[in-house]
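Enquirer: Here are the chains, one letter per residue:
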Amino acid sequence: MAKDFSYEAVMSRRPEIMKASVGIDYSQFEQDGIGFDYERMMKETGYTLAEMQEIQGKTGVGNTPLFEMHNMTALARKYAPKGKGARIFIKDEAGNPSGSFKARRAANAVYHAKKLGYKGVIAATSGNYGAAVASQAAMHGLKCIIVQECYDSHYVGQPEIIEKARKCEAYGAEVVQTSVGPELFYIFLKLLEETGYFNASLYTPFGIAGVETLGYEIAMQFREREGKDPDVVVCTNAGGGNLTGTARGLIKAGAVETQVVAASVDLTGLHMASDTDFNRKSFTTGHTGFGMPFATNPDRSDVPRSAARSLRYMDRYVLVNQGEVFYMTEALAQLEGLERGPAGNTALAAAFALAQEMDENQIILVQETEYTGAGKHIQAQLTFALENGIEIFFGNPDDEVKGKNIILPENPSMMKARDVDMNKLKASYIKNIAAKAEDKVLLEDDITFLVQETKSTDDFVRDEVKKLGYQVRQN
Amino acid sequence: MIFVIQKGTWVKIEQQVLDSTQRAPQLPDDTKKVPFMMWTKGFLVEDSEMNGDATVETLTGRHVSGSLKEVEPSYDHNYGTYIPELIRIGKDLRKERWGGDING
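Top to bottom, those sequences are chains A and B. Number 475 marks the last residue of the first sequence (our numbering); no jumps. Number 104 marks the last residue of the second sequence (our numbering); no jumps.
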């Protein structure tokens with residue numbers, strides 16, 4: 001009898017498809033209660049730092065340049081109180097083979113696929129990761145399929161996503177495109193089952209461990225150049241892998257004093273699965289639509305346990321508006337002579353504001369850039385926004401209404417990094433994860449797990465679960 | 001008039017994966033109202049009519065069927081149109097950083 005490939009049948013086979021396509025039995029890391037052993041998962045299924053550096057080095061990934069943004073720093077100091085205005089640096093990750101830091105994640109995933117004998121790799125992504133997987137697959141001689149959400153119901157495609165499709169095809173990948181909706185996951189599972197290819201998920205231990213080299217490199221480059229670690233590292237945050245991997249790499253280098261800050265573009269109010277909102281977003285990644293849900297519920301990804309667990313490492317989370325990121329993208333070109341893609345400059349917009357809170361002798365690093373090109377460009381994105389009825393004008397970015405307008409700051413002094421309440425974020429995570437407990441009873445081990453997961457204290461977690469009406473008992 | 005596209009031509013096909021009644025329950029209403037679509041590129045396996053049923057062989061050797069949407073699809077995404085605000089940002093920033101007369 002032919003296999004049933006209907007929506008219901010494929011979705012019900014999800015666990016077995018996942019197991020066959022990732023090669024990891026996640027159940028071995030599960031603990032009694034709601035937790036799992038994250039560090040053991042990372043250790044037993046990942047690679048060591050030295051192995052990763054070798055794997056990445058062989059395909060030209062990593063060792064990207066570090067630039068000091070002298071003019072941005074000078075400008076930030078104009079608006080900062082006397083003695084304030086940290087030195088702003090940028091790690092030019094656009095220098096990776098596929099044009100973004102995602103090459104680090106893909107290098108490990110594709111190497112792993114090849115090692116395990118898979119004939120091809122599949123990734124579900126509308127972002128830079130698709131191009132990264134396609135580029136690595138080309139180098140290793142593996143077949144590659146990228147599945148991306150690209151068009152609305154009127155067959156109008158997001159220019160940035162269309163550009164990424166082009167780039168994937170340039171590396172010889174097959175690109176399957178869908179309309180708006182989470183049912184893309186069905187297509188993804190079906191393709192995995194049909195082809196027997198490897199699931200090059202963004203969220204596997206080897207993918208996340210691939211970013212550790214970035215954190216490690218940052219510490220080494222600063223020690224060589226400045227004789228110290230950066231005080232603050234700002235990461236553009238979506239699914240949490242960038243921040244998680246970078247922070248782990250910093251820790252592996254011993255840079256434990258460095259503060260890790262997440263930054264996202266605020267798209268609050270636009271629904272991620274809405275057909276009409278789809279083309280009213282001027283950013284397709286690095287925004288709160290991914291950042292918030294993934295921070296507060298990381299296991300919503302395409303693997304049973306995501307290795308990207310940003311709240312474990314996040315010291316602070318700040319939001320910037322679309323107009324501010326576009327403004328800083330232009331500033332990076334006009335003041336520093338670097339033309340880079342808009343979404344990757346989210347952290348830069350935040351850093352410009354954060355630098356003004358810090359002392360002059362301190363260092364703040366923006367840890368990525370991404371390539372720019374047709375569609376994936378400030379001018380293409382602003383044109384597309386205008387075509388979708390979005391107004392663009394100068395004013396106060398605080399007044400921006402997502403999906404309605406893009407407000408460019410009247411003056412650079414109006415750039416802001418708006419703090420997300422970390423305790424609220426942690427409480428939200430605890431609420432989501434504790435809900436998996438049976439009969440409203442949590443184990444002592446669960447409390448330990450929640451403390452680690454939220455980088456908080458025993459008291460904080462106990463307080464939160466008590467408020468939610470949970471009992472705690474010995475294992 | 002019927003256009004027949006020759007076997008072996010590189011094309012894009014369109015397939016309705018789910019109709020609006022079959023869509024995921026948690027979706028917002030605007031998305032629930034429309035079908036879930038998929039587009040795939042490949043070489044036509046047989047001579048096929050424009051907008052008619054067609055099967056392609058993709059780059060990974062898969063056979064996928066749908067309706068023939070585009071022949072020899074290419075890219076026309078670009079750098080957009082003139083955005084006056086960008087010129088102003090550049091002028092403003094240079095003035096803020098370097099003072100009055102840098103732009104002449």
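Derived from the structure by calculation, the hints contain no laboratory data. Any given hint could be a false lead.
[Unchecked claim] Okay, the calculated beta carbon distance ranges per label pair:
#: 1; chain 1: A; residue 1: E391; chain 2: B; residue 2: Y75; range: 22 to 32 Å
#: 2; chain 1: B; residue 1: F3; chain 2: A; residue 2: E44; range: 23 to 33 Å
#: 3; chain 1: B; residue 1: Q6; chain 2: A; residue 2: F5; range: 42 to 52 Å
#: 4; chain 1: A; residue 1: E444; chain 2: B; residue 2: T55; range: 54 to 64 Å
#: 5; chain 1: B; residue 1: Q22; chain 2: A; residue 2: V441; range: 34 to 44 Å
#: 6; chain 1: A; residue 1: D32; chain 2: B; residue 2: K32; range: 33 to 43 Å
#: 7; chain 1: B; residue 1: S65; chain 2: A; residue 2: A170; range: 19 to 29 Å
[Unchecked claim] Partial selection, computed: residues in chain B whose CB lies under 7 Å from chain A:
#: 8; residue: Q6
#: 9; residue: V34
#: 10; residue: I87
Small disclaimer: the values here were computed from a predicted structure and weren't measured. Note that CB positions come from ideal geometry on N, CA and C, so glycine has one too.
Enquirer: None of the hints should be skipped; say for each whether it holds.
Expert: Verification of the hints:
1. A:E391 to B:Y75: 22 to 32 Å: Holds, since A:E391 and B:Y75 (Cβ atoms, about 28 Å apart) stay within the stated range.
2. B:F3 to A:E44: 23 to 33 Å: violated, 57 Å
3. B:Q6 to A:F5: 42 to 52 Å: About 30 Å separates the Cβ atoms of B:Q6 and A:F5, which means 42 to 52 Å is violated.
4. A:E444 to B:T55: 54 to 64 Å: Once the Cβ atoms are compared, 59 Å apart, the range 54 to 64 Å for B:T55 and A:E444 holds.
5. B:Q22 to A:V441: 34 to 44 Å: holds, 38 Å
6. A:D32 to B:K32: 33 to 43 Å: Holds, at about 39 Å.
7. B:S65 to A:A170: 19 to 29 Å: holds, 26 Å
8. Q6: violated, 22 Å
9. V34: This interface hint holds because 4 Å falls under the 7 Å limit.
10. I87: violated, 10 Å
In this structure, the hints that do not hold are numbers 2, 3, 8, 10, in rising order.
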